[in-house]
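Trainee: The lines below spell out each chain.
Protein chains: 2
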Amino acid sequence: MENNTLKEIGSQLLSANRILLFPHMQIDGDAYGSAVALCLALRNLGKEVYVLLEDEVPAFLSFLTCDFCLEGEPPFDSADIAIAIDCSDVGRFEKRKDWYFKGNVTICLDHHMTTGVFADFNYIDSSAAATGEIIYDLLKVMNCDFNAEIANALYAAITTDTGNFRYSNTTKRTHLIVADLYDTGLDHTKVCVEIYENVRRERVKLSADALKDMQLFCDGSAGLVSVTQKMLEVNHTSMEETEGIIDTLKSIEGIEIAALLKEKEKEIIKVSLRAKSYGNVANIAQKFHGGGHIKAAGCTIHDSLDNAKKMIIGAIEEELMKGSSI
Amino acid sequence: MENNTLKEIGSQLLSANRILLFPHMQIDGDAYGSAVALCLALRNLGKEVYVLLEDEVPAFLSFLTCDFCLEGEPPFDSADIAIAIDCSDVGRFEKRKDWYFKGNVTICLDHHMTTGVFADFNYIDSSAAATGEIIYDLLKVMNCDFNAEIANALYAAITTDTGNFRYSNTTKRTHLIVADLYDTGLDHTKVCVEIYENVRRERVKLSADALKDMQLFCDGSAGLVSVTQKMLEVNHTSMEETEGIIDTLKSIEGIEIAALLKEKEKEIIKVSLRAKSYGNVANIAQKFHGGGHIKAAGCTIHDSLDNAKKMIIGAIEEELMKGSSI
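Listed in order, the protein sequences are those of chains A and B.
Numbering that gives the first Met the number 0 numbers the first residue of the first sequence as 0 and each following residue consecutively.
Numbering that gives the first Met the number 0 numbers the first residue of the second sequence as 0 and each following residue consecutively.
This is chain A alone, in the form it adopts within the complex (with noise of 0.2 Å):
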């Protein structure tokens, strides 16, 4: 797929007035901070623009406040641009597809690698350590103000896509668009506070519950921790909020790989891999037909909790004995 550029994407939009924005579902930082950023930069150009939300903002991004996200029905109905972003297929937009596909004009804009193209116009740039990046290049092709508003929402997109800067997909251009969002008014402690202080009390005792019954082998190589159906009831959680808790194990001096198994149903175990630098844990999550990346992965076993662990145990030792012997 050959990519449109930004400056063609740019005259498209500068020659429409109704425009729909469609974050990925499951919204997460990047693709609600990157739709609220076009939005707002949009709006400033006197565009009737609309992002459109499958499910409620989380908590800890609803600190941007923006008054033209809606849940349900478009307030017109055809757009005369619909943009998909950071949607690196229909899928993630699934059930608004149909009101995508009816602008007169389809735009992709992600930086994940796509499957397959759906829109008239695309620009997919996978070294784009965020969408955010990829819509602050756009503001800046088409020559549009920013202010704090938007440099806040760049800044959320970007911070939590890149791990706050601590992912390998963190670039010197990642670190160029943030020197540049503070000459318009970026306000990145108040950003940091509402995404990374903004954690449920139930949340950090879940997590302290499960680390505290951390298990470590492979001469602490590897470790597992496990969450089960009964330490979500204890500690009023839901299994959404065991997210964070792989990369504490992770993050333990000397562990290379680590593995949190969630207990979804008695015999559904869903395990979720790390691995810090060597490991491959995408191999150990194809063993149980699961998949994933290197360094990320997962995959479900249909047995017990016991089961699952001695069987995860013995694929992760396996694959760090591989390792060795390299």
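Everything labelled a hint here was simulated from the structure, so no lab data went into it.
A couple of the hints might just be wrong.
Heads up, the list lumps identical chains together, so a pair's fine if it works in one copy or across two of them.
[Unchecked claim] Lysine-lysine pairs mimicking DSS-like chemistry, simulated, CA-CA at most 25 Å apart:
| # | residue 1 | residue 2 |
| --- | --- | --- |
| 1 | LYS139 | LYS171 |
| 2 | LYS286 | LYS275 |
| 3 | LYS189 | LYS294 |
| 4 | LYS6 | LYS46 |
| 5 | LYS189 | LYS321 |
| 6 | LYS189 | LYS94 |
| 7 | LYS189 | LYS275 |
| 8 | LYS263 | LYS189 |
| 9 | LYS94 | LYS294 |
| 10 | LYS189 | LYS171 |
| 11 | LYS269 | LYS229 |
| 12 | LYS211 | LYS263 |
| 13 | LYS294 | LYS6 |
| 14 | LYS229 | LYS211 |
| 15 | LYS46 | LYS265 |
| 16 | LYS139 | LYS308 |
| 17 | LYS96 | LYS321 |
| 18 | LYS189 | LYS265 |
Here the structure of chain A is known, so what remains is to put chain B in place on it, guided by the hints.
Mentor: For chain B alone, kept in the frame of chain A given last:
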């Protein structure tokens, strides 16, 4: 006090041969990263440079290898130049001060407000987020060559002193400097893994142990966690390893003031206090003859842990009540 220019300081360094560097005691990422970067850059110019330490380099910084770091006596009796790095006063290198003042020329490079000038040449910039930023500027002024080791050392200095770009001291300049380091071989992923994913497992367990019994009060706008000698013993940890627990507590939604009570001895309770947004914990610390900043302060209470808890909860309640009446 009037600063010298970095050009003046650079000229002194260029005309010297034997140079000793003095990072502060209880060495941290900024002091060590800054010293290593300056040492390596001056070595590349053919100078005979050593970093004098008075304590062991912490494990999370040991990846910054420098063959020129020494504990104990310097390798020559009197240096052409002695440089205090990240030391707000002489007390920060008390044990090594005789060697420092034996230098023919003394220099102070720092980003802390200093109480008294102690060096011949001074460059103190409290707007710098880290002394690492000042070292970067100095090396640029001196036209020093950068390389991957220097870039990694400066990144370590900057990421640790800015809470990985989250603290309010982070500026546009911080991000511009980091962006430039990518051009000279920075491997930020490696540095971040070493610094942030190198936590002792016992420490993670201690943290989990302490946090599971957190106490919330003032309608959830304050939180308290305590660590006893018994908890340290059970988890095979030291009191130094409680660092970070208060940040996790503060990260909880709605918590404005966080307190960590550390039972140093039976009736000696060290109290750490943090405020998130509007709270003033310096006020609270002062009530118990402690001190600190508005957002981070501490004090010591000579009473039982239970009584100390009651006193601190009372003082926090009073402070938060005051806030709500403004």
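Trainee: Mind listing which of the numbered hints don't hold for this structure, in increasing order?
Mentor: 6, 8, 9, 13, 15, 16, 17, 18
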